[in-house]
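> Based on the sequences and whatever the hints tell you, model everything.
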Amino acid sequence: MVNAARSPTFYEFDSTDLLRLYREMDDLDEVPVVIYHSHTATEAYPSRTDIALAGEPEAHYVLVSTRQTGAEQGPFEFRSFRIIDGEVTEETVEIT
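With the numbering used here, letter number 10 in the sequence shown gets 1181, and the count goes up by one each step, no holes.
Be careful, since some hints might not be right.
Label pairs and their calculated CB-CB ranges [said to hold, decoys possible]: (1) Ser1178 / Thr1267: 13 to 23 Å; (2) Asp1256 / Tyr1182: 35 to 45 Å; (3) Thr1267 / Asp1185: 28 to 38 Å; (4) Ala1212 / Phe1184: 13 to 23 Å; (5) Asp1198 / Pro1246: 12 to 22 Å; (6) Asp1198 / Thr1267: 30 to 40 Å; (7) Asn1174 / Pro1203: 15 to 25 Å; (8) Ile1266 / His1208: 13 to 23 Å; (9) Thr1263 / Arg1177: 30 to 40 Å.
If you're looking for bench data, these hints aren't it; they were derived computationally from the structure.
Keep in mind the model is a prediction, meaning the values are calculated, not measured.
Every residue, glycine too, gets a C-beta built ideally from N, C-alpha and C.
Here it is as structure tokens:
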């Protein structure tokens, strides 16, 4: 999806793309399970904007932070959260 905000620090879905995606999911009787995005300058924790825009209470919000390494290979933060009615709860992530 294209960043409609055209900003290096803020991402916004194109409303036409998002509507098309949700209609397709509805037609296929699907729901969002994981909603992923990255933070390049901050920790892998939902921002105030992330929390305000979190509209899928059943989804797992996965955030990856590359603030320590940028585009280089190296350590990154990978965390998952549930966001329900503005309340953020971190989930345990196990990579096997």
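> For each hint given before, does the structure comply? Return the numbers of the non-compliant ones in rising order.
1, 2 and 5
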